[in-house]
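As given, the protein sequences belong to chains A and B, one line each in that order. Each residue of the first sequence is one higher than the one before, counting from 1 in UniProt numbering. Each residue of the second sequence is one higher than the one before, counting from 1 in UniProt numbering.
Keep in mind that a hint or two might mislead.
Pairs of lysine to any residue, SDA-like flavour, derived with a Cα cap of 20 Å [said to hold, decoys possible]:
| no. | chain 1 | residue 1 | chain 2 | residue 2 |
| --- | --- | --- | --- | --- |
| 1 | A | K284 | B | L369 |
| 2 | A | K167 | B | A201 |
| 3 | A | K418 | B | I12 |
| 4 | B | K167 | A | M161 |
| 5 | A | K418 | B | Q13 |
| 6 | B | K79 | B | L106 |
| 7 | B | K167 | B | P153 |
| 8 | A | K419 | B | Q13 |
| 9 | A | K89 | A | A39 |
| 10 | A | K52 | B | I360 |
| 11 | B | K419 | A | Q13 |
| 12 | B | K418 | B | E261 |
| 13 | B | K79 | B | R107 |
| 14 | A | K52 | B | A365 |
| 15 | A | K284 | B | W358 |
| 16 | A | K79 | A | A92 |
| 17 | B | K284 | A | I373 |
| 18 | A | K79 | A | P112 |
| 19 | A | K419 | B | I12 |
| 20 | B | K79 | B | A55 |
| 21 | B | K167 | A | R194 |
| 22 | A | K284 | B | I360 |
Derived Cβ-Cβ restraints for the label pairs, each shown as a range [unchecked claim]:
| no. | chain 1 | residue 1 | chain 2 | residue 2 | range |
| --- | --- | --- | --- | --- | --- |
| 23 | B | A201 | A | T156 | 15 to 25 Å |
| 24 | A | R126 | B | D122 | 58 to 68 Å |
| 25 | A | A29 | B | E273 | 44 to 54 Å |
| 26 | A | R126 | B | R202 | 32 to 42 Å |
| 27 | B | D220 | A | G453 | 56 to 66 Å |
| 28 | B | E273 | A | V159 | 50 to 60 Å |
| 29 | B | P38 | A | D183 | 24 to 34 Å |
| 30 | B | Q13 | A | N241 | 20 to 30 Å |
| 31 | B | S134 | A | D183 | 52 to 62 Å |
Honestly, the hints are just simulated from the structure, not real lab data. Glycine included, C-beta positions come from ideal geometry on N, C-alpha and C.
The lines below spell out each chain.
Number of protein chains: 2
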Amino acid sequence: MIAEVSDKEYAIQRIQEVNDALVSGMYVAARRMLHNLPACDVALLLESSPPKSRAVIWQLVDPDEHGEILEELSEEVQKSIIRQMAPEKLAAATEGMDTDDLAYVLRGLPDPVYQEVLKSMDEQDRQRAEMALSYDEDTAGGIMNTDTVTLRPDVTVDVVMRYLRLKGQLPEATDKLYVVNRDDQFIGEVALSRLLTVDTARLVSDIMTPDVQGIPADLDETEVAKLFERHDWVSAPVVDNEGHLLGRITIDDVVDIIREEAQHSMLSMAGLEDDEDTFAPVLKSTRRRTIWLAVNLVTALLAAAVSSLFEDILSQMAVLAILNTIVPSMGGIAGSQTLTLVIRGMALGHITPSNSRWLIGKELAIGALNGLIWACLIAAVVALWQQSWMVGVIIAFAMMANLLAAGLAGVTVPMLLKKFEIDPALAGGVILTTVTDVVGIFAFLGTATLLLG
Amino acid sequence: MIAEVSDKEYAIQRIQEVNDALVSGMYVAARRMLHNLPACDVALLLESSPPKSRAVIWQLVDPDEHGEILEELSEEVQKSIIRQMAPEKLAAATEGMDTDDLAYVLRGLPDPVYQEVLKSMDEQDRQRAEMALSYDEDTAGGIMNTDTVTLRPDVTVDVVMRYLRLKGQLPEATDKLYVVNRDDQFIGEVALSRLLTVDTARLVSDIMTPDVQGIPADLDETEVAKLFERHDWVSAPVVDNEGHLLGRITIDDVVDIIREEAQHSMLSMAGLEDDEDTFAPVLKSTRRRTIWLAVNLVTALLAAAVSSLFEDILSQMAVLAILNTIVPSMGGIAGSQTLTLVIRGMALGHITPSNSRWLIGKELAIGALNGLIWACLIAAVVALWQQSWMVGVIIAFAMMANLLAAGLAGVTVPMLLKKFEIDPALAGGVILTTVTDVVGIFAFLGTATLLLG
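My request is simple: use the sequences and hints to build the entire structure.
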């Protein structure tokens with residue numbers, strides 16, 4: 001009965017076996033192994049395979065499993081696979097798919113294929129799909145499912161129980177039933193646990209939780225995730241502007257959003273997209289990353305241009321050229337720490353107008369303190385190494401100035417970017433290092449010119 | 001009935017009002033506002049306040065709410081608050097707390113206070129606490145709650161229903177009841193939805209899902225989170241080595257772990273700790289960040305030492321000093337992109353021995369392609385700017401070499417670190433930039449020495 005500690009390792013091992021079979025061309029064995037693998041493991045195998053292997057694996061998988069596996073895949077990988085499927089196979093795979101996944105798959109298709117797939121679907125699926133497609137993909141409407149179980153307020157618990165037993169099965173992750181009036185407007189909800197613990201003679205209207213917030217269909221998915229986290233929901237109803245019940249959102253979809261949101265900052269800070277596929281083809285990856293390198297080349301050239309202002313002193317003292325990178329580098333590190341904390345704080349909603357001044361003061365104080373520590377240390381190191389206490393004093397001053405600038409920029413840059421509605425995680429790092437590079441070089445070479453030139 | 005789109009903004013606005021009242025010294029008004037604020041909003045207010053305001057707010061909060069608010073706080077902020085509470089107040093606050101939160105609070109206390117709090121607790125809470133404390137805090141045992149509802153296999157659904165109605169209420173997020181044998185060993189589970197849809201004359205043993213994996217109490221919480229994500233669980237039973245049911249883990253605690261895990265890489269890459277508090281006191285923050293600056297100073301000095309090997313050529317041509325930062329900077333950026341993708345891939349379990357060679361090949365190809373593009377471009381820029389096609393050729397060669405090194409190091413550094421069980425997110429960036437700095441400087445100044453010296 002006890003879960004093997006190695007549930008995950010076991011999966012990895014089995015995936016490895018499939019891989020080995022594929023490499024040695026034992027397709028029959030690989031097909032058999034794939035049939036025995038649960039959908040989530042096949043998805044993991046596809047995610048961790050280069051493009052060519054993905055195509056081979058997909059052809060070996062049982063078509064009945066296609067839908068379930070597609071649901072488990074990340075958006076980027078899913079898209080690359082559905083682009084290669086025949087419309088009628090795709091239509092078959094989408095049968096019984098959750099509404100949100102169905103809509104996502106359809107959105108990724110070129111228009112003629114899309115029309116063809118829609119035509120091959122059965123009537124009910126087509127209606128579901130068209131409804132979901134009428135909402136933006138990152139709104140509550142785009143991520144909801146339509147598998148709600150609804151009750152009328154004027155029946156007894158006993159009647160509800162008989163109705164449910166007749167139904168025989170409830171959709172996955174059903175923890176609540178929704179109460180609607182004659183116009184299909186959402187008026188309250190009844191938890192399954194409540195249904196099981198109250199007197200069966202009572203009316204639904206009497207035991208339901210009224211005044212529950214329905215999630216508006218056009219609410220952004222990030223806000224949906226925040227609502228789930230604040231209220232510890234397992235599922236929640238989605239309503240339109242007039243309060244009609246449209247569907248429900250379940251925690252498993254919200255967990256995906258939370259993970260994506262949390263990873264977004266890290267990926268953006270390296271100039272990568274959220275759905276970046278580690279195993280994408282070389283050309284595609286190169287194209288995406290080139291833009292980021294272009295932006296950074298401009299900032300590197302800017303720093304070089306600043307250095308070139310001090311060509312005179314640089315040509316007089318090679319030691320300055322050697323030490324010129326230390327102060328900008330330390331400023332970049334200190335600034336990135338502040339920036340990372342502020343970006344996280346913004347994502348968590350901790351940073352408000354009322355505490356931002358305190359925060360700037362705090363980061364300046366840290367900059368001053370760290371500046372003092374590292375100024376003394378670097379002065380000593382440089383004075384001993386280069387046998388010049390004057391250069392030591394110059395680098396100490398520059399270090400102090402740059403760590404202060406780093407603290408200030410680390411807080412203000414993301415705040416300003418947010419004001420102008422630019423993603424701080426994407427643009428913050430580049431702007432910050434530009435500031436610390438320029439300030440660092442100016443402070444070091446400028447002071448050197450004044451004192452030694 | 002419709003959720004206000006502004007649920008979050010509304011909270012922020014109310015928090016702002018409390019803040020304004022505190023700033024203007026209207027403590028009576030602030031206290032009244034705080035009493036009307038739900039626990040999650042008070043927690044948000046505390047998280048986004050400087051240390052001094054936190055103490056004031058905490059004193060204005062209704063002590064009956066203390067427990068619930070403590071549960072909502074992040075670990076770092078929670079710790080700072082409980083350290084200032086009197087033992088008997090703390091004992092009162094912990095009454096009715098979830099077992100995992102209770103254990104966490106107790107773990108954060110100095111030993112004498114801990115003993116005192118334990119003494120002031122009622123018998124049942126003390127037992128729960130001692131049980132939870134016997135497990136490591138990041139294991140399944142440390143995050144579980146003991147509020148399970150158990151059934152015997154040999155009773156009918158009808159009997160279960162009567163038992164539940166007698167009980168009158170189920171613990172929050174209960175979606176399943178657990179079936180245990182006479183020895184309290186976990187033998188299966190019954191979903192509430194199943195209970196509601198089957199014939200009431202059937203036996204529990206007949207309708208339960210047998211062969212369910214119980215989570216071993218000593219399983220690491222990261223693995224627990226992965227199990228929840230793989231299986232889309234809302235709750236899951238925890239068992240000891242003999243299969244005895246100990247408690248259960250619910251999705252709301254797992255969501256916190258998933259968020260922390262996802263943020264871990266971003267924070268580590270900036271040398272920050274997972275529970276870093278944006279509003280921690282200056283001295284504490286300075287101390288933590290100093291270590292990271294120290295590590296980076298060593299790498300900056302190393303780069304300077306490499307440059308100093310080429311002092312001759314630097315003193316002959318100041319232009320080399322000016323351009324010396326461009327190649328290392330581009331290498332650092334390109335390498336960080338690869339590193340970030342590999343770290344994310346490792347966290348998601350996508351990177352295995354069987355695909356790592358393919359990945360190295362891919363990143364080398366991207367490095368070569370990007371190297372070619374930026375080598376040509378930088379050669380043209382530098383040749384025009386500095387009126388020297390020779391310097392252009394030199395920097396082009398160095399760029400090419402360094403972008404290849406960046407691609408190679410971006411994949412191999414995190415893999416090697418993982419092999420030696422060092423966190424790639426923490427140490428990867430420093431090692432990577434050391435590689436790209438050293439290779440960049442060597443390639444640029446070394447080639448310059450050969451061709452121009």
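Can you give the numbers of the hints that this structure goes against, from lowest to highest? none
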